[in-house]
Amino acid sequence: MRILKILFLAISLSMPLTSYACWDDDDDDWGTWDPWNEDDDDDGSYDYDSWTDAGWDGYGSNGKDDGGGSDYDYDDYYGYGVVITPDDNDNDDDWWRQPDQGDDYSNDENDIENDNSDDDIIDDKNIDNKDELNRKTPSQITNTAKNTVATIISKYGTKNAYCNFGVKIAFKSLFNKNDLEGKRANDMVRYWMNNPIHWERISITNAQRLANEGFFVVAGWINPTGNSGHVVVIVPGESTYSGSWGGYVPNAMDTGYMKRSSCQPISKSFGSSKKNEVVFFKYK
Amino acid sequence: MIMRSILLFFVTYLSILNVYGQIQIFRTGDNGNIITSPEYIEPFINGTHSDIEPYILKETSVINTDVGYTIRCLRYNGWENETGDFNVIEINTGQGEVLNLQYDEGWERVSMPGLQYGNKSFYHETLVNGEVALFFTGATLMSQPPYLTIIILAHGRACLVFNKRMIVNNVVRENGDLLFNLQENVIEWTDEYTPADDAVLHTISIKNGLMYFE
Numbered sequence: 001m002r003i004l005k006i007l008f009l010a011i012s013l014s015m016p017l018t019s020y021a022c023w024d025d026d027d028d029d030w031g032t033w034d035p036w037n038e039d040d041d042d043d044g045s046y047d048y049d050s051w052t053d054a055g056w057d058g059y060g061s062n063g064k065d066d067g068g069g070s071d072y073d074y075d076d077y078y079g080y081g082v083v084i085t086p087d088d089n090d091n092d093d094d095w096w097r098q099p100d101q102g103d104d105y106s107n108d109e110n111d112i113e114n115d116n117s118d119d120d121i122i123d124d125k126n127i128d129n130k131d132e133l134n135r136k137t138p139s140q141i142t143n144t145a146k147n148t149v150a151t152i153i154s155k156y157g158t159k160n161a162y163c164n165f166g167v168k169i170a171f172k173s174l175f176n177k178n179d180l181e182g183k184r185a186n187d188m189v190r191y192w193m194n195n196p197i198h199w200e201r202i203s204i205t206n207a208q209r210l211a212n213e214g215f216f217v218v219a220g221w222i223n224p225t226g227n228s229g230h231v232v233v234i235v236p237g238e239s240t241y242s243g244s245w246g247g248y249v250p251n252a253m254d255t256g257y258m259k260r261s262s263c264q265p266i267s268k269s270f271g272s273s274k275k276n277e278v279v280f281f282k283y284k
Numbered sequence: 001m002i003m004r005s006i007l008l009f010f011v012t013y014l015s016i017l018n019v020y021g022q023i024q025i026f027r028t029g030d031n032g033n034i035i036t037s038p039e040y041i042e043p044f045i046n047g048t049h050s051d052i053e054p055y056i057l058k059e060t061s062v063i064n065t066d067v068g069y070t071i072r073c074l075r076y077n078g079w080e081n082e083t084g085d086f087n088v089i090e091i092n093t094g095q096g097e098v099l100n101l102q103y104d105e106g107w108e109r110v111s112m113p114g115l116q117y118g119n120k121s122f123y124h125e126t127l128v129n130g131e132v133a134l135f136f137t138g139a140t141l142m143s144q145p146p147y148l149t150i151i152i153l154a155h156g157r158a159c160l161v162f163n164k165r166m167i168v169n170n171v172v173r174e175n176g177d178l179l180f181n182l183q184e185n186v187i188e189w190t191d192e193y194t195p196a197d198d199a200v201l202h203t204i205s206i207k208n209g210l211m212y213f214e
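Top line first, the protein sequences correspond to chains A and B.
Mapping to our numbering: the first sequence position 269 is 269, numbers consecutive.
Mapping to our numbering: the second sequence position 198 is 198, numbers consecutive.
Same shape as in the complex, but just chain A (with noise of 0.2 Å):
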């Protein structure tokens, strides 16, 4: 009995020492992952004094600056004095203001689907009569936007990930549909990806201004691992520029984990890190 115990003994101690970490004596090694080399730069900053608590007045474009600071200002995106500011220049680099060169970066080699054909994004000058049966007005979409964030607010709380509930209690107030019930974050994606007939794929460069004229407008993120992904609504207003992302982004309803906004640049629901993976469609 007693070397039945000391067997026992032995192959319990033995056991568990095959768990422990590998050890590494470079506490150096972890090194910098630099997978991004973009020179795309734009040093102008933003004038965020264009927003007002006037109200929307309008999608169309001035193109004028109106002198102002960068004096962000959170509170003030809740306002909608919105000027849009289209680029004319086809020669500059910022390439994410310009639809119509073919560089728009939904369509490059680094596409997710790495479809390189024009075929599937939008052309504004084409809107027909089925989009318009889908268009709403920019405030529309703004209301629906706040009054989800509060709905997400006072039904779960401020914490948890619902990413997935905001889009489709936004998509079901808007057009009274169920087609993203019971959907994952991933899974809406894939079903985005899978419906051309109802959700057509556009690049970033059109997604503010597709929002501005009242379409629903999606963007999303397939977590590759099968963990939760991420999906926002594109809401009206203007392009922000984002450092991290090198270029000006649109704004979305985010109500993702620790997330509950009605209006910020994407940039604070994406990371840059993950910008060529995010995909975006409109409902039509």
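By construction, these hints were calculated from the structure, which means they are not laboratory data.
Keep in mind the model is a prediction, meaning the values are calculated, not measured.
Some, not all, of what chain A presents toward chain B, calculated at C-beta under 8 Å:
no., residue
1, Asn160
2, Cys163
3, Arg184
4, Ala185
5, Ser244
6, Pro265
7, Phe270
8, Gly271
9, Ser272
10, Lys274
Below, simulated EDC-like cross-link-like pairs (lysine to aspartate or glutamate); rule was C-alpha separation at most 20 Å, straight line:
no., chain 1, residue 1, chain 2, residue 2
11, B, Lys164, B, Asp85
12, B, Lys120, B, Glu59
13, A, Lys274, B, Glu42
14, B, Lys58, B, Glu90
15, B, Lys164, B, Glu214
16, A, Lys172, A, Glu132
17, A, Lys155, B, Asp191
18, A, Lys177, B, Glu192
19, A, Lys159, B, Asp198
20, A, Lys159, B, Glu108
21, A, Lys159, B, Asp197
22, A, Lys183, B, Asp198
23, A, Lys155, B, Glu192
24, B, Lys207, B, Glu125
25, A, Lys159, B, Asp85
26, B, Lys58, B, Asp85
27, B, Lys164, B, Glu125
28, A, Lys159, B, Asp191
29, B, Lys164, B, Glu39
30, B, Lys164, B, Glu42
31, A, Lys172, B, Asp191
32, A, Lys274, A, Asp187
33, A, Lys159, B, Glu184
34, B, Lys164, B, Glu184
35, A, Lys183, B, Asp191
36, A, Lys159, B, Glu192
37, B, Lys164, B, Asp198
The beta carbon of each residue, even a glycine, is placed where N, CA and C say it ideally should be.
With chain A fixed as given, assemble chain B onto it according to the hints.
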């Protein structure tokens, strides 16, 4: 008699599991060097940015142990519209810079349930032999857990020993030991009553001045 032996075996086995299930995050070598474990250190994914300097100083702290360490937290220039409160951690001693970390998505001011630490950029805890652990929390976005970044100050050096995506659910101090209850995944919901995932839980504990991960 046989039943007693089997019982003895399981008791022994469970007690050993309890010891060995907790793995030290780092060790200190004979020469005082910090020996890290790569499985606890994920690399920061950063881009190349040409116009982010000069950095903007957000906070400076000084910690005196064996030597004096100055910890500076800085923000990339022009990153007002980005996540996080600061993107650079610089640690200096009288001998110069001993560690510099950069993270595009940024770290935020420490906010861990159960930990009263004011509005600071990091939390620090003294370990054995005067070593000090600094705890930083990364910014949250994409419904992913933020990074938990742990740096050890020891013997005039600073060393990154832990950088993994972990939600700090709460921090508990009991009998002098400190326990960080962690969760490595964000729970998503398919409907109001159905979580899509189970929480994957871990702990970091500091017992007798040593730091363990489980």
